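Going down the list, the protein sequences come from chains A and B.
The first sequence begins at 1 in my numbering and counts up one residue at a time.
The second sequence begins at 115 in my numbering and counts up one residue at a time.
The hints are simulated quantities; they were obtained by calculation from the structure and are not laboratory data.
It cannot be assumed that every hint is accurate.
Here are the simulated lysine-lysine pairs, DSSO-like style, with alpha carbons at most 27 Å apart [what the hints assert, rightly or not]:
id, chain 1, residue 1, chain 2, residue 2
1, A, 49, B, 192
2, A, 71, B, 192
3, A, 101, B, 192
4, B, 182, A, 101
Here are the computed distance ranges between Cβ atoms for each label pair [said to hold, decoys possible]:
id, chain 1, residue 1, chain 2, residue 2, range
5, A, 16, B, 228, 33 to 39 Å
6, A, 29, B, 178, 20 to 26 Å
7, B, 197, A, 111, 43 to 49 Å
8, A, 29, B, 182, 29 to 35 Å
Small disclaimer: the values here were computed from a predicted structure and weren't measured.
Virtual Cβ for every residue (Gly too), placed ideally from N, Cα, C.
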Amino acid sequence: AQSVSQHNHHVILSEAASLELGCNYSYGGTVNLFWYVQYPGQHLQLLLKYFSGDPLVKGIKGFEAEFIKSKFSFNLRKPSVQWSDTAEYFCAVNAYSSASKIIFGSGTRLSIRP
Amino acid sequence: DAGVIQSPRHEVTEMGQEVTLRCKPISGHNSLFWYRQTMMRGLELLIYFNNNVPIDDSGMPEDRFSAKMPNASFSTLKIQPSEPRDSAVYFCASSLEGPRNEQYFGPGTRLTVT
């Protein structure tokens, strides 16, 4: 069965620090990968997605993620975080054969100190 | 488009009562998803529909939970009878059918069962 692991449950950074959130998935076939963000009190919204091609994908608000197939990883990065990036971040995977179903990781809560 | 609409936004009920949560997907989307979010279990997929037909209900916790989609613009999630452990935020999401399509989430219904 597919699964998604986000090992960092809570990350605390100062403004302007660099960010990397880890995401690993377990599925050997073709996958589609997503990062969603949930700002405090709001619903989830898409940050970025990867289907094929360039393994480095850029999303909104300066975020990017790199797909490393050999490591089954899809880590999220941002060179310099802002206080407004305080949110919960969810990695998600869809196996191509599973139609629309997406499996979400447990989420990483990011707190930014002003 | 107004996005995914959920009602009510907050629901407080007593144990044993029936609870009905409602969702209106984005017009034109033919996949609809119900999720439950708790601190302990994170974001769980309960059930999803394609073209109004339930495709995967393996995440529905037990027989007390049921979901329907009588037409393309409306879905309900019913809990009968409700229990305190059902307290959570319930999200509805919709998308175009297919593994690469972004899911658009509603604002959620915060359910408290006392």
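Hints broken by the structure, by number, lowest first? Result: hints 1, 2, 5, 6 and 7 break, sorted rising.
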